[in-house]
Each structure stands twice: as C-alpha cells, then as structure tokens.
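**Q** So for the sequence shown, our numbering puts the first residue at 606; every next one is plus one.
In short, the hints are calculated from the structure, not lab data. Fair warning: there could be bad hints in the mix.
Stated by the list, open to error - Straight line, CA to CA, 20 Å or less: simulated EDC-like cross-link-like pairs of lysine to aspartate or glutamate:
#1 K675 - E663
#2 K675 - E810
#3 K844 - E810
Note that the structure is predicted; figures quoted are calculated from it, not measured.
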Amino acid sequence: MALESAQPRGRYYVEALGRGLALLDCFIADPGPHSLIELSRRVRLGLPTTLRLIRTLEEAGYVRQAVDTKRYRLSWKMLQLQDVTSSILDYADLARRHLEELATTVGETTGMAILDGTAVRLAIRVSSTRIISANLPPGSLFPPHATAMGKVLLAGLDPTIVRELAVRRPFERFTPTTITCVDELLAELEVIAAQGYGSSNQEWEPGLRSLAAPVLTRAGRVAAAVCIVVVRPDLSIQKMERDFLSALRQSAAAISAELGYGTAAPFGDVSSHGIAHRSVQL
C-alpha cells in the first residue's frame, strides 16, 4: 500500500498511526515474510522511519522477526483481534440447520467450533438422540492439539504460528494417544491440510472419537470446523470415515457456501482442494 495513493484524510487522521497501519496492510496483501527493505518500498517510506514503525509493531506484539532471516511476519496476537463473540453468534445461526440435518443423517452429536486465542471454542452443538452421547456445552473451550476440530483449525495456519502456539500453551497429554510433540503434530496437520479433514482417536478423553472438516470463507480461509463426535466403543475412526465422512463434507461445504465460498471458485470435494495455509488471518 503506497501512502501517496491514499485518499484525502480527515482532520482527525493521525499520520503516524496511519503509517503503522499501512505496514500491517502489506502483510494482508502478502503474508510474507518481508524484509525491512521490501516494507520500506511498499509503503514508500525511508528505511529509518520504516524501522521505527516495524519495531513499534514488534514490541506491541503484532509482528515478529525471524532470528535467522531477519524478515518480518504477523504474529499470533493478530488472531485475537477478531470479535470472537460475534463470530460465534453469527456462525451458530448460519450453521444450525446444516448441523441438525447432519445429526439426523449420522445419528450422532454434531457441532462447529472456531479458534479463540490459543484454544478452540465450541460455537454450536446439536445433540444426538442416543442415551450416551458427548456432553459438549456450547461456548466450551477445548485443546486444539487433541481434538479433530482443533487440528482442522490449526491445519489452516502457517506452521510457524502453530509452533508459537505450542510455546504459549504447551501441549498437555490427556490420554496415551494425545500428540504432545509439535513436530509430530505438524506432520499430521500437513496430512489434514492435504486431505481436507481431520480426526481425533481418544486423544482428549478415553472413548471419545471425532471427525472434523473445515468451513471456508469466500476467500478460502478456514473460518471454523464442523465435527461429528461419538462415544461408542464399537465405532472406530475407520468406520466413521466410511460411514460419516461424505455427509460431514457435504455439511461443511453447505455452510461454506453460506459464507460465500464457491462464488469465486467451485468448492467440490474438500479433499481435492485441501486447506490453504495462512499466516494469521481468521
């Protein structure tokens, strides 16, 4: 974003703040990472001024600099700028009909979650009619590394952001199958991104298994994750994939279409498109 191309400013416009926001706009247009020289050219400011601005953003926690390349990229903190409460309410209203249809089709509990800081927050749950089912109250927080919903949401992030998340909130072991090594998790996230869905095999609680697929925005960003959760010893992940995956994908695709995805490019089968990595936009 060139400052010279900006529209005339109002009387209350703060030039220094505007220049800092112009730097952030550079990362929105291209997640980077960017060198100081690249940023200076993009905003058409001298190197000393650009350095002061980017260092201010770094100290405030909005950008970070790689130790080896000295290049800058947006930080995890940018994820927290979203209005989570509004997102939950909007997504719940939009998704309810589709999740109810999915629950009826598969006969199990369904839900949808979003990323909330360093955790996964359940936006909506539709309970199954089974006597024994997953008790997942809407609004609850869950660990991203141990749930299918969380892994689908993490698969949409740049791997460096996932590593930063692991530093901020070390991966706790809940069961013998919980993944606690960040490299092991990143390897699974790569598979999830390629196939377009994720699973959790008793990784958060014994007996609890789940499948999840991404909900995409018009721009193809992962905005939420739709899931099917079961508490049945007779139902393995392989059986869930065989019996539920097609319906799960259809529901995720329908909700994504409500968000505008597919108006610019066809949605089709999620697995054929995978999940595009992003830096910090949600």
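**Q** Would you list, in rising numerical order, the hints stated earlier that this structure does not obey?
**A** Hint 2 contradicted; others consistent.
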